[in-house]
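Each chain, written out:
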Amino acid sequence: MAVKEAPSTVEELLAAKEIVVVCGPGGVGKTTVAAAAAAMAACHQGGKVLVVTVDPARRLGQALGLGQSAGGVERVPAKAFASAGIVPRGELWAEVLDTKKSWDALVARHAPDEATAQRILDNPIYQNISGRFVQSHDYIAVERLYELHSEGSYDLIVVDTPPTRNAIDFLLAPQRMAEFFSSRLLRLLTVPYRMRFADIASKPFYYVADRILGSQFLQDIAEFFILFQTLSDGFVARAKEVERLLADRRTTFIVVSTLETVPVREAEAFMGLLPEKGLHLGGLVLNRVLPAYLLEPGLAERAGRLSAGAGELANALCATKGPLPGADPALVERVLTEVGTNFNNIGVVAKREASQRSELSRLPSVVASVPELEEDVHDLGGVLELGRHIWSWDKS
Amino acid sequence: MAELLDHKLLFVTGKGGVGKTTITAGLGLLAASKGKRTLVCELDAKGDLASSFETAPTTFEEREVAPRLWAMSMDTEASLRQYLLLQLRLPRAFRIGPLARMFDFVAQAAPGAREIVTIGKLCWEVRERHYDVVIVDAVASGHMIGQLAAPQAINRLVQVGPVRQQTGWMLEILSNRATTGVLVVATPEEMPVTETIEFVGRLKTETTVGLAGIVVNRVLPELFGTREEQAFEAVCAPASRELLAEEIGGRAEPLLEAARLMVKMRRSRAAHLERLREAIGAGTARDRVDLLYVPYLFLRSYGLRSTRQVAAALAAELEN
Numbered sequence: 001m002a003v004k005e006a007p008s009t010v011e012e013l014l015a016a017k018e019i020v021v022v023c024g025p026g027g028v029g030k031t032t033v034a035a036a037a038a039a040m041a042a043c044h045q046g047g048k049v050l051v052v053t054v055d056p057a058r059r060l061g062q063a064l065g066l067g068q069s070a071g072g073v074e075r076v077p078a079k080a081f082a083s084a085g086i087v088p089r090g091e092l093w094a095e096v097l098d099t100k101k102s103w104d105a106l107v108a109r110h111a112p113d114e115a116t117a118q119r120i121l122d123n124p125i126y127q128n129i130s131g132r133f134v135q136s137h138d139y140i141a142v143e144r145l146y147e148l149h150s151e152g153s154y155d156l157i158v159v160d161t162p163p164t165r166n167a168i169d170f171l172l173a174p175q176r177m178a179e180f181f182s183s184r185l186l187r188l189l190t191v192p193y194r195m196r197f198a199d200i201a202s203k204p205f206y207y208v209a210d211r212i213l214g215s216q217f218l219q220d221i222a223e224f225f226i227l228f229q230t231l232s233d234g235f236v237a238r239a240k241e242v243e244r245l246l247a248d249r250r251t252t253f254i255v256v257s258t259l260e261t262v263p264v265r266e267a268e269a270f271m272g273l274l275p276e277k278g279l280h281l282g283g284l285v286l287n288r289v290l291p292a293y294l295l296e297p298g299l300a301e302r303a304g305r306l307s308a309g310a311g312e313l314a315n316a317l318c319a320t321k322g323p324l325p326g327a328d329p330a331l332v333e334r335v336l337t338e339v340g341t342n343f344n345n346i347g348v349v350a351k352r353e354a355s356q357r358s359e360l361s362r363l364p365s366v367v368a369s370v371p372e373l374e375e376d377v378h379d380l381g382g383v384l385e386l387g388r389h390i391w392s393w394d395k396s
Numbered sequence: 397m398a399e400l401l402d403h404k405l406l407f408v409t410g411k412g413g414v415g416k417t418t419i420t421a422g423l424g425l426l427a428a429s430k431g432k433r434t435l436v437c438e439l440d441a442k443g444d445l446a447s448s449f450e451t452a453p454t455t456f457e458e459r460e461v462a463p464r465l466w467a468m469s470m471d472t473e474a475s476l477r478q479y480l481l482l483q484l485r486l487p488r489a490f491r492i493g494p495l496a497r498m499f500d501f502v503a504q505a506a507p508g509a510r511e512i513v514t515i516g517k518l519c520w521e522v523r524e525r526h527y528d529v530v531i532v533d534a535v536a537s538g539h540m541i542g543q544l545a546a547p548q549a550i551n552r553l554v555q556v557g558p559v560r561q562q563t564g565w566m567l568e569i570l571s572n573r574a575t576t577g578v579l580v581v582a583t584p585e586e587m588p589v590t591e592t593i594e595f596v597g598r599l600k601t602e603t604t605v606g607l608a609g610i611v612v613n614r615v616l617p618e619l620f621g622t623r624e625e626q627a628f629e630a631v632c633a634p635a636s637r638e639l640l641a642e643e644i645g646g647r648a649e650p651l652l653e654a655a656r657l658m659v660k661m662r663r664s665r666a667a668h669l670e671r672l673r674e675a676i677g678a679g680t681a682r683d684r685v686d687l688l689y690v691p692y693l694f695l696r697s698y699g700l701r702s703t704r705q706v707a708a709a710l711a712a713e714l715e716n
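Protein chains in written order, with this note's numbering: chain A, 1 to 396; chain B, 397 to 716.
Each hint should be verified, as a subset may be incorrect.
Unchecked claim - Here are some of the chain B residues that sit facing chain A, going by a computed Cβ distance under 10 Å:
no., residue
1, 521
2, 525
3, 528
4, 620
5, 650
6, 711
7, 712
What the hints assert, rightly or not - Calculated from the model, a selection of chain B residues having no Cβ within reach of chain A, i.e. all distances over 12 Å:
no., residue
8, 404
9, 418
10, 457
11, 464
12, 583
13, 600
14, 604
15, 621
16, 632
17, 637
18, 644
19, 652
20, 677
21, 685
22, 698
These are computed hints drawn from the structure, not numbers from a lab. In this text, a Cβ means the ideal position worked out from N, Cα and C, and glycines have one as well.
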């Protein structure tokens, strides 16, 4: 038996990995694809499978039959599988991330003592970063992934990456966090408050900083930095471990995109960056793709004849001995014209999608297409239907 | 809705992937064609705005891309430099390097530092009346509230000093509903509609900025009325299909399937559109916001051609 070199389907990819990071541009359906991959693995490969998601609209949580509150791992109830008519081989678990809670837990873990932890939690600047600023999702998602993986409780963890301005931000998060703490500027900024030399305010750097920001604000920032620096060693060490985990051979990345121009461009840039960062590009899932039958050769000509000859065709159809005797020829003519015009419209999009796809130069060995589904995903059955499309790719 | 372009500052936002940039570009083209000196500004520097006009990449220095239409992209460092030179009257020779690095660093921790420099530049363009209207291809709706609320957040944290004075006039411009508004773009799909409804609610409760309108983008055409749909089903029956196949020289199924696909896609989207209409129209008459519909464009690519079509669609909607 020949040894297979690389997985060629999502099914094979998932069977060989412990961590799957689902990433890509915004608005392409990452959250659902992540849930679908995890649900399929739990159903068909068995073991304990966990999906971690940010899911701001709580829609996925609802679809999986989870409780309303975010935070903490929850098992997808048996009745969700039962209503989908499936007996899973394994268990499906899910966690909807709560950024604020995760940050607080992180601070508590790395703070030297409880009093310092409390002072950080009370600092207005800390409250603003952890609660409001979306950039903080980036780091917290990978950090939580690390924690869950090191618990050793799951066979497979699928992470849905948070919406970032740019998919790349997510990859850079651990590095940025480490840089943040080891920065010279951090030390520089906190100098006046660590050393109480009277003349320090006369130095140009602090003079300008003070003029722009106001001394109270500068002091708030400095206090925050000084306190936060007590977390430094723990944070830097952790960020490095998180980075290592992402580059581990047990980890793979699945990029999700539609075939629209802008997402394709972003997905392609992202796929190029993964190997540069030493990360494993496992597969590409193309979501909401138009069906392949639209590309059948000769269809545009047939559509043209249908539109051009709509009047005569309608008469033939509605003739007494035709297939639709008694039907209104004018009505049928309108229908045939619409059918022809519609094909010309949708055919242009199908061709554009096909060319976008062939222009994707860095195609990984695993590529799956998910058609535009007729219904929105609103239960586990819907998640699994999408899952079947990504699971085994028909290579013909 | 004619007053949409009477705003001086418009933020175009929406869930990722709904076509914010195309709508921004189309609206910019429309405003300029109506004789307004217009500035369009891209915030995330992905370069999509430049491709909407088929021009070279936009920079912080605005450039005229069509008659009366200027385009620029935001650069927080360049904006900070401009701000320091203008507002703090720092000597022109002042070395901004170390300060910019400090800013970059503070911006990672200080709430809204980056946002305020961005908003500040835009408000400044409005205050100085360089343009009749400034249209911003803003961040996705998930990030937009934080950006718009930045001056208030800074106001809470910074009690005195020049920064405090700065946020004051920005808030005045942002809170004036005749001057500033947010235009939300949505596609008639589940998540974009849900996010739009949530965003409109948060805009009202968490910021002082008004909602200028909602654009429903990529609306699919309606192929059939009820009678046509019945006739379509009859045409799909085997006997009719065979006759058609003979006449057009090949199977008609793919053509009929494509029509059925479009009908189904349109129908599932119609439900979301209805949900949006109900949620948005539910307020009092004073709060009610009109929806502007832009059709799905069946085009080979996205560029100036699609931008022009979007501008035409918006023009038709605004004249209604």
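Taking 12 Å as the cut and beta carbons as the points, is residue 464 of chain B off the interface with chain A? The claim holds: residue 464 of chain B sits with its nearest Cβ about 27 Å from chain A, beyond 12 Å.
Measuring Cβ to Cβ, find out whether residue 698 of chain B lies farther than 12 Å from everything in chain A. violated, 5 Å
Is it the case that residue 621 of chain B keeps its Cβ farther than 12 Å from each residue Cβ in chain A? Answer for residue 621 of chain B: violated, closest chain A Cβ roughly 9 Å.
Please check whether residue 528 of chain B passes as an interface residue: C-beta within 10 Å of a C-beta belonging to chain A. This interface hint is violated because 29 Å lies over the 10 Å limit.
Check the non-interface label on residue 457 of chain B: least C-beta distance to chain A beyond 12 Å or not. Correct as stated: the minimum Cβ-Cβ distance to chain A is 23 Å, above 12 Å.
Would the non-interface assignment of residue 685 of chain B survive a Cβ cutoff of 12 Å against chain A? Non-interface label on residue 685 of chain B holds, nearest chain A Cβ at 21 Å vs cutoff 12 Å.
Can we keep the residue 650 of chain B interface hint, with Cβ of chain A closer than 10 Å? holds, 5 Å
Interface-negative label, residue 418 of chain B against chain A, beta-carbon threshold 12 Å: Per Cβ check, residue 418 of chain B is inside 12 Å of chain A; nearest 9 Å; violated.
Please settle this one: residue 404 of chain B was flagged as non-interface, so is its CB more than 12 Å from every CB on chain A? holds, 26 Å
Given as non-interface: residue 583 of chain B, which should sit over 12 Å from chain A by C-beta: violated, 9 Å
Let me know if the C-beta of residue 712 of chain B comes in closer than 10 Å to any C-beta of chain A, holds or violated. violated, 19 Å
A cut-off of 12 Å on Cβ-Cβ distance, and residue 632 of chain B was said to be off the interface with chain A. Does that hold? violated, 10 Å
In terms of the numbered hints stated before, the structure departs from hints 1, 2, 3, 6, 7, 9, 12, 15, 16, 17, 18, 19, 22, listed from lowest to highest.
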